[in-house]
Each structure stands twice: as structure tokens, then as C-alpha cells.
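Model the full structure from these sequences, guided by the hints.
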Amino acid sequence: MKRVFALTIVAAAAAFAATAASAQTLNTIKSRGVLHCGANGTLAGFGLPDAQGAWTGLDVDFCRALAAAIFNDPTKIKFVPLTAKDRFTALQSGDVDVLARNTTWTSSRDTQLGLNFTGVNYYDGQGFMVRKSLKVNSALELNDAAICVQQGTTTELNLADYFRANKMKLKTVTFASANEAVKAYDAGRCDAYTTDASGLYAERLRTVKPDDHIVLPEIISKEPLGPSVRHGDDQWFDIVKWTHFAMVNAEELNITKANVDEMSKSDNPDIKRLLGSEGKHGEALGLTNDWAYRIIKQVGNYGEIFEKNVGQASPLKISRGLNALWTKGGLQYAPPVR
Amino acid sequence: MDATDTMAVEARRATQIAFVRSATQDPLPPPLSQSGAIGWVREHLFSTPLNIALTLVSVGLIAWLVPPLINYMIFDAVWSGEDREACLVTVERPVVGACWAFVRERLAYFTYGFYPIGERWRVDIFFAMLVIGIVWLAWLRAPRRDIGAVYFFVVMPVVSYILLLGWPAIGLYKVETSFWGGLLVTVVVAAVGIVVSLPIGILLALGRRSQMPAVRLFSVIVIEFVRGVPLITVLFMASVMLPLFVPDTWSPDKLLRALVGVALFTSAYMAEVVRAGLQAIPKGQYEGAMAVGLSYWQMMRLIILPQALRITIPNIVNSYIALFKDTTLVFIVGIFDFLRTIEAARIDPKWATPTTSTTGYAFAAVFYFICCYLMSRYARNMEARLATGHKR
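First to last, the protein sequences are chains P and F.
793 is the number that our numbering gives the last residue of the first sequence; the numbers go up by one with no jumps.
941 is the number that our numbering gives the last residue of the second sequence; the numbers go up by one with no jumps.
Some clues are possibly wrong.
Claimed, not checked - Cut-off 20 angstroms, straight-line C-alpha distance, at most; resulting in silico cross-link-like pairs (DMTMM-like, lysine to aspartate or glutamate):
| id | chain 1 | residue 1 | chain 2 | residue 2 |
| --- | --- | --- | --- | --- |
| 1 | P | 533 | F | 725 |
| 2 | P | 772 | F | 634 |
| 3 | P | 485 | F | 725 |
| 4 | P | 531 | F | 725 |
| 5 | P | 664 | F | 634 |
| 6 | P | 664 | F | 625 |
| 7 | P | 638 | F | 892 |
| 8 | P | 540 | F | 668 |
| 9 | P | 664 | F | 668 |
| 10 | P | 533 | F | 668 |
| 11 | P | 735 | P | 745 |
| 12 | P | 763 | F | 632 |
| 13 | P | 772 | F | 632 |
| 14 | P | 664 | F | 632 |
| 15 | P | 533 | F | 802 |
Said to hold, decoys possible - Under 8 angstroms between C-beta atoms, here's a sample of chain P residues computed to sit facing chain F:
| id | residue |
| --- | --- |
| 16 | 498 |
| 17 | 506 |
| 18 | 533 |
| 19 | 535 |
| 20 | 536 |
| 21 | 537 |
| 22 | 541 |
| 23 | 547 |
| 24 | 641 |
| 25 | 657 |
| 26 | 663 |
| 27 | 666 |
| 28 | 768 |
| 29 | 769 |
| 30 | 770 |
Quick caveat, the hints were computed from the structure, so don't treat them as lab data.
Beta carbons are placed, not taken as given, at the ideal position from N, Cα and C, and that holds for glycine.
This is the structure:
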């Protein structure tokens with residue numbers, strides 16, 4: 456009910472705010488000299504400050520890529536930490552230019568809230584973690600298992616739906632916070648713990664013996680997370696959208712942060728068009744033609760930022776899964792630059 | 550019987566009474582069961598069956614709680630290390646307590662938040678100025694406390710403002726408040742709340758008891774309205790709704806919004822605290838003051854407020870302590886205060902261990918306890934010093 460109310464307010468406010476979202480976002484950012492990026496601030500792997508207070512994460516690096524494309528300087532950026540409640544109004548009111556805060560792309564957000572989702576930079580979904588000693592290999596074997604879950608979330612609803620759809624008996628043990636739920640699971644109060652898969656890997660590290668637990672392969676809900684912008688400025692929408700596509704294309708063409716200079720001498724027409732030595736694709740966006748070169752040189756391709764923040768090079772060690780390139784069995788696919 | 554006989558009898562009697570004490574004898578010490586440690590224990594801990602039961606329960610609780618706590622916090626704790634590996638259970642170290650290595654690594658972040666590393670000396674100076682100011686005012690025998698007051702209420706706020714926010718004209722580049730965080734934010738919010746709320750609260754309290762209907766109505770509306778709304782709502786409205794109704798070029802700073810919200814909120818509570826004190830002053834004090842020809846403000850300044858504020862010290866400090874802890878609510882507005890930085894740090898997979906979260910919260914608990922306890926002790930001292938006429 457609270458959610459519905461909040462949505463209504465935000466939707467009503469979106470009408471007021473339409474004036475704020477004029478078609479001048481890029482010019483505003485350029486004259487301001489910094490990009491305002493709405494980020495999470497408390498989600499491992501996506502948006503989190505490190506010991507020096509510097510921001511890290513997949514969503515954070517996405518914003519850095521935007522700043523690199525616009526200013527040729529990934530540090531010209533101000534991160535605004537947002538909560539789940541105030542993220543949409545922050546975008547509507549112009550507090551932030553882009554919202555990259557692990558936000559699920561849903562129809563109501565895309566329409567009623569006046570947002571445009573620019574793509575999916577992480578395919579998430581709800582999963583289960585169980586003890587290896589339970590010898591369970593599939594979520595379908597969890598009939599009659601006690602499952603720890605954080606209360607009042609869509610996670611709880613998805614769980615009930617999944618069990619009902621598969622005609623299994625469900626025993627949930629609910630907790631007010633994720634922290635408590637994991638502690639209870641680790642102490643043996645439940646057989647399984649469920650939350651979004653990206654979170655499961657982070658929570659697994661918090662157990663006493665992380666190696667004793669596995670994440671089951673089933674993903675029971677669709678949570679496509681992506682950056683979003685306001686309605687009403689198609690140019691800015693295109694820039695944010697193509698920043699993601701540039702990084703995915705770069706990975707597909709094997710252009711990395713390290714070899715981008717070498718690659719710019721390549722004869723491959725796809726690479727030439729992406730890196731700007733052929734055609735005027737950057738100018739068409741309102742940027743310079745080497746916009747993608749700047750992104751890759753200063754931030755990296757999609758695979759690189761994935762591995763660095765949530766993949767094998769990070770403590771989370773999340774496998775690519777759905778987020779692998781389409782050529783490798785995943786869903787990350789970018790339209791061509793031409 | 551003749552005289553000599555009488556004398557002989559006297560002499561004989563004198564030899565029978567061998568000694569007459571001329572000084573009082575020292576009283577015997579009380580029996581061992583009534584004095585010393587044993588006596589104290591018997592009187593205070595085991596005097597009645599109820600007392601015996603309470604004592605046993607308390608000792609049991611202490612024996613049950615304290616040793617594991619000390620073990621966890623000190624003896625089993627990990628004091629140094631680079632990352633989570635240091636705080637994991639291994640074969641050599643089967644029991645791991647608090648992971649202080651995590652707090653050590655993140656201490657700078659807890660203190661300064663996102664403040665640019667090269668500019669953190671500014672924050673250090675601010676903290677130093679604050680400590681000097683507090684000591685100057687709180688230490689009764691400090692020299693020139695009048696200058697101290699000017700320093701604390703005028704010089705320091707201005708200098709801190711310039712120092713923390715920056716002033717490009719004198720070479721301090723601007724550090725926006727979105728970079729502030731951790732202890733810095735907690736201290737700034739609490740200090741502004743504490744310093745602003747008392748004067749505004751006093752004015753509102755006087756206004757509420759004023760004879761002038763307009764002033765009274767205004768004060769009543771402000772107090773009742775602000776007090777009737779939860780602080781969370783005030784902050785939430787300020788952060789979420791306000792930006793929608795003002796042009797985005799005139800969107801007040803996030804921290805400023807929170808500061809105004811907190812200060813207004815505390816002022817309303819402070820007004821009621823002060824009003825309670827004003828009402829406790831007997832009517833004779835007002836009449837006496839007026840009889841000697843004092844004006845309203847003279848009467849308040851010289852006669853009424855000194856007495857009223859003195860008897861409300863416990864309540865004022867109560868409000869301050871509540872305010873200090875309420876500063877954590879600014880996280881609603883996306884500001885990383887002390888507690889929020891700990892929250893963010895404990896999420897970091899670099900330090901993800903079973904004890905990291907507990908350690909972070911324990912550290913926060915110790916910090917808030919020390920601050921609140923100091924405030925409370927200082928208030929107790931001040932009460933004792935001022936309660937010259939009412940002491941029991």
C-alpha cells in the first residue's frame with residue numbers, strides 16, 4: 456500500500472517536473488562541468504564507497520563511462536547516494552542527470568513514473584543459497600524446506616508465488632533486515648536463504664564458512680537492472696543508451712582498456728566505426744567522434760568493469776551467467792554502430 | 550570516732566578504688582559483621598530477602614554476560630589485518646571475536662566520509678577548534694571564558710563554515726556538502742541543532758506564554774505543528790517533495806535541508822522544556838521583579854530565565870542527547886552520517902565476515918555511548934554546582 460502511495464505521488468510529481476526535464480540535459484551538464492549521477496552507496500559490487508571514500512561498483516563505473524564520453528575525464532562526476540524511496544524524485548527534479556542505482560526495469564516505472572530505461576547493465580533475479588551438506592541441486596527440491604527471507608519485500612512475494620506454482624510446501628522464516636536473515640540462516644534456523652542473486656554472493660561471504668554454501672542455479676524472478684533518465688530529452692536518452700552499447704560492443708570486438716590504442720589502428724570496419732576513425736557516429740549523438748574510445752580507454756569495456764566489480768577479480772566472484780555476451784550464451788547484446 | 554580514724558577509713562577506701570578514669574574511653578569498633586567490607590555488603594546487598602534475590606540475579610547476569618563480552622571485544626578480537634582473511638575462522642584461530650582491523654582500516658572513512666583526502670586537514674582543524682571551544686566553555690577555571698563564548702558562538706561557526714565549505718578567494722577550493730560524511734556530518738548536525746535550538750526554543754516558550762495573541766498563536770502553531778510530525782517525515786518531505794516544487798536552480802543543499810529540519814524540530818521540543826521551567830517559577834518571582842521596576846526583558850534575563858533554565862537542565866540535556874542520536878536519521882536524505890558510513894562499510898565484500906557487522910555496530914554503540922555519557926556527566930556537574938538552594 457505504501458508503495459502504491461509513493462508511486463502515485465511520484466507519478467503526480469512527474470507531471471510537474473516535466474518542465475524541469477527540458478531537452479537540454481547535455482548542455483546543462485557541460486556548462487555545469489560535472490555529471491550528477493544517482494547511485495546506491497550501500498550495495499556491494501554496484502555502488503559502494505571504499506576505505507578512501509572513493510566510489511566503486513558496476514553502476515558507478517557506468518556513470519564514469521558517461522563522464523568520460525562527455526568530458527574526456529571520468530572524474531568530472533558527482534555521485535548522489537540515493538535510497539530506494541527518493542531515487543525517482545531525485546531524477547524527476549533534476550537533482551541527478553542519470554539514475555544508475557540497481558533499478559529494476561518494470562512497465563510501471565517506464566511509463567507512469569516518466570522514466571526511460573536505457574538498457575540492462577545487469578540481469579539479476581532472485582535465487583537461493585543452501586548448505587552443500589543438504590545435497591540439494593535444484594530449487595525444486597526445496598519442498599517443505601524452511602527458508603529465511605527479509606520481510607515486506609518483493610522477494611517474499613516471489614518466493615510464495617514460486618512455491619505455489621510448483622505445488623511445493625513453503626515454510627518461511629522472516630526477518631526485518633537482510634543481516635538478521637543471513638545470521639539466522641548461518642546459525643541453522645533455515646535450510647535456505649533467498650534474495651536477489653547478486654546479493655546472495657555478497658551475503659555468502661558473511662557466513663562462517665562460505666565454502667559450505669552454494670547458490671542454486673534457478674532464478675525465480677526477472678530483475679533486469681539498468682540506468683534510467685527522465686522522459687523528454689531524447690538526445691540525452693540516446694547518449695546514456697549508447698554508452699552501455701559502446702561498452703558491450705567493445706567487449707564483443709575484444710577491445711580492452713589495455714589494447715584500445717592498438718585496436719584503433721585496426722582495419723576492421725566495426726572497430727573503426729566504434730572508435731571513431733570512420734564515420735561521424737559520435738557527433739550524431741552530440742559528442743565527439745572518439746566518444747567510445749574515451750570510454751574504453753578510461754573505464755574499460757563491459758566485461759572488464761563486470762569482472763572488476765562483481766566478477767572474478769572482486770571478492771563477490773559472480774559468474775557472468777545471463778550477463779555474458781550473446782555470443783557466449785548470455786543476454787548482453789548491443790546493436791551495431793553504423 | 551576521731552579525726553584520725555576517719556582519715557584512715559578514707560585512705561583504706563581510696564586504696565580499694567584503684568583507678569578513676571579522667572578521660573573518656575574510645576568507643577569499641579563496631580562488630581566485624583557491621584563494619585568494613587563485610588558490613589557494607591550485608592547492609593547494601595543482603596539486607597532483606599528481596600535485596601538478596603536481586604543481588605544474586607545481578608551477579609548471575611554479570612557472570613553470564615560480561616566475560617563473553619570481554620572475550621569477544623578484546624581477547625578474541627582481531628586487531629590488525631589487510632582484509633577479510635584476517636578475521637576469518639582458521640585452524641589456528643578457531644574463535645574470532647570483534648574484527649577491529651576492519652574498523653582501523655575504515656576509520657578515516659568513518660571520520661571524513663567522502664571528503665577529498667588532500668583537504669582533510671581542514672576537517673582536523675575544525676575538530677580541534679571544536680574541542681578547544683568546548684573545553685574553554687566547559688572548564689570552569691579556564692581563563693577569559695567571556696572571550697571563549699564569543700569564540701564559540703561567533704568566531705568558530707564562521708571560520709568552520711569557510712574552512713569546511715571552502716572559499717576559492719583565499720585559496721580553499723569548494724568542497725560541496727555531498728562530499729561530507731561520517732563523524733564530520735554527525736558533529737555538524739548535532740552542533741548546529743544544539744546551538745540553534747536553545748535560543749529559538751526559549752523564544753518560542755516565551756512567545757507561548759506571551760500576553761500578545763498574535764505572538765502566542767504563532768508560537769503555539771509552530772510548536773504544535775513541528776512537534777506533531779515525526780522527524781523522519783520532516784526530513785523526507787524536505788528531501789523528496791521540496792525539490793519538486795522549487796525550480797531546480799534553487800534547490801537548497803541537501804545537508805542544509807537536513808540541518809533546518811533538525812534544528813526546527815529540536816527547537817519545538819526545547820520550547821516545551823523551557824516552558825515547563827517557566828511555569829515552575831512561583832508567581833511571586835514575576836511580581837517581585839515587576840515591583841522593582843524591571844522591564845519584561847530585564848525580568849526574564851535577570852530573574853526568571855536563570856532560575857527556569859537551572860531547573861530544566863536535566864530536560865535540556867535529555868533533549869540534546871535525543872537530538873544527538875536522532876542525527877542518524879539524516880541518512881533518509883542520502884547523507885552519510887557516522888552510522889551510515891559504518892553501514893556502508895560493513896556491506897563491502899572486502900571485509901565480509903560473520904563478525905564484521907557486529908563489530909561495526911559495536912563500534913558505533915561505544916562511540917554514541919561515550920558522547921552521550923559525557924554530556925550527561927557534564928550536566929550532572931552543572932546541576933550540582935547550580936543547585937545551591939535546592940540541594941537535598
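In rising order, the numbers of the hints this structure does not comply with: Going through the list in order, the structure violates hints 8, 9, 27 and 28 and respects the others.
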